Amino acid sequence: MSWDKGKETKSWKDIMEAEKYVYTLGEAGEKFLEGLKEGKIYGRKCRKCGRVYVPPRMYCEDCFEELDEYVTLRSPYIDSFTTIYYDDEGNKLDKPVSIAIIRFEGVKGGLLAYVEGEANQNKNVEIISYDIPLKVKVV
Amino acid sequence: MRPNIYYSKRVGILGSGLTLFRSKMLETPQELAFIAARRALDEAGLELKDIDCVVIGSAPDAFDGVHMKGEYLAHGSGGIRKMVSRVYVGGATGVMVPISGWYHVASGLCEKVLVVAEEKMSGDLPHPQAIFRYIWDPITEKPLNPNLIWIFAMEMHRYMKKYGIKKEDIALVSVKNKRNAINNPYAQLPGQITVDDVMNSEVLVWPVQRLDISPTSDGAAAMVLASEDVTRRYTDTPVWIEGVGWTLDNTSWPGRDLFYPRYLENAAKMAYRMAGIERPNKEIDVVEPYDPFDYKELHHLEGLQIAGRGQAPFLLKEGFFDLDGDIPSSPSGGLLGVGNPIAAAGLMKTISIYWQLKGIAGKMQVKRPVKTGVAQAWGDLMQASTVIVMRN
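So the protein sequences, as listed, match chains A and B. Under the UniProt record's numbering, the first residue of the first sequence is numbered 1, with each subsequent residue one higher. Under the UniProt record's numbering, the first residue of the second sequence is numbered 1, with each subsequent residue one higher.
Simulated from the structure, these hints should not be mistaken for laboratory data. Since this is a predicted model, take the numbers as computed values, not measurements. Ideal Cβ placement from N, Cα and C applies to all residues, glycine included. Be a bit skeptical, because a hint or two may be false.
DSBU-like mimics (lysine-lysine), calculated; alpha carbons at most 35 Å apart, straight line [stated by the list, open to error]: (1) B/LYS82 <-> A/LYS48; (2) A/LYS5 <-> B/LYS82; (3) B/LYS317 <-> B/LYS9.
According to the in silico footprint, chain A covers these stretches of chain B (three or more CB under 8 Å from chain A) [as the list claims (entries may be wrong)]: (4) 4-18; (5) 25-39; (6) 295-305.
Kindly generate the complete structure, drawing on both the sequences and the hints.
Rendered as structure tokens:
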């Protein structure tokens, strides 16, 4: 924070720093991260409408009821993807990176993931790293 | 400008819901909103499909660590595929949420509205006070690194000096509110404390001490509002919103008197005119003034025209504002006793008045019969106020 007392008085320099933040996960969020450790993707099912949400959460947004059982999700596929050539500071990447939104058959919601192999829409993938971010490989 | 105080639809309250107010709640902000909203729907006897629109209130995004908090909270607040809006007037948000819900119904646009307010502040490290770092003038004020506590310390000091008020007299607010909070099952900091406890607590920023101030909290609150015919269909003991008011005094906090909350006088007069209240100190039976600091409750009782200027501390000492007094103030326990998840705290105060007028306040119920109640919040850059008048 400063101004240039010598020359110009046309601007004031300061920063807006980011604060640290602890995000609590909630019960469903904890279950999701435990699932990653176990090499599983958990979704959570609404007993009223039968819909499964990923990531799992506390409630169904339509029935507005608490969700019930956790289910292990299978058959991940690429809904859409993009290929990134520059990083967010404008530097050209040595190797382009593909990022996809991964969905599971019959499940509401999706997860972002790095993709290995030739990404394409509706292609089935295999999860090769259960982490955040997720890594998947086109099969 | 004179606002049009004649509206087309009378608005009733059908239900309310609160989460516990606590520091470090496990639930995410969305989940807190869901818990409160679900409880309000249950109390109203409605399902989400019955709701026409949703109004969400939350203070600065940075508290929850997510930008666009209105959108973020929407699915937990029942907003999916409905008309959703988020209101934000700083600390005054909690009462602006039901006011906004009110005009959705009063205008005839909607019949049933779910209003939800949420704040999660305990995740901010090292302390949520840092979130206020950038609300000041970036050039003439921010370099001194102000925080709200020392700004309010100056306001408190000015109030004390102007009317010759002793700190001991102000401390009685903290004693009263924490005592009232013992009866509130949602409260974070209830307790039997004494004036000496307040006076001996740690000095933070003179004259503000630890027990003069409300805590850091997480929590959510929700209400269901409905048009008159719907309200009468669902309940035999309706509570009506009869007056609303909100104003901004000055957008620059040094631009106003520190000893008297004129921002509130204007808002209160608007709400009273709409509700047909001519003598607030005779016609109001119970009040929830905004009390993030103990002196602020006194300040606001004066702004609400319930006490004369500089008179609130003397009435307080006589027991005028106790649960069995003439006009009980903060029967819920207020922000000092229940906690201060900002937007949720203001809506909690509105809900407290609803409980009183409905007669469902349990152990918090005030001794005298009540007909008219007022809730109020305060915010923006400390010079905006929101007021809501309810009757049974």
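To see whether the hints hold, each was checked on the structure:
The hinted pair formed by B/LYS82 and A/LYS48 meets the criterion: a straight-line CA distance of about 20 Å does not exceed 35 Å. Among the hinted pairs, A/LYS5 with B/LYS82 is inconsistent with the structure: their alpha-carbon atoms are about 54 Å apart, more than 35 Å. For the hint linking B/LYS317 to B/LYS9, the alpha-carbon distance of about 41 Å lies beyond 35 Å, and the restraint is violated. Three residues within the 8 Å Cβ limit are the bar, and the region 4-18 of chain B against chain A gives 0, so the coverage statement is violated.
Counting residues of the region 25-39 of chain B whose CB lies closer than 8 Å to any CB of chain A gives 9, which reaches the minimum of 3, so the coverage claim holds. Against chain A, the region 295-305 of chain B contributes 0 residues with a C-beta closer than 8 Å to a partner C-beta. That does not satisfy the three-residue criterion, and the hint is violated.
Checked against the numbered hints listed earlier, the structure breaks hints 2, 3, 4, 6; every other hint is satisfied.
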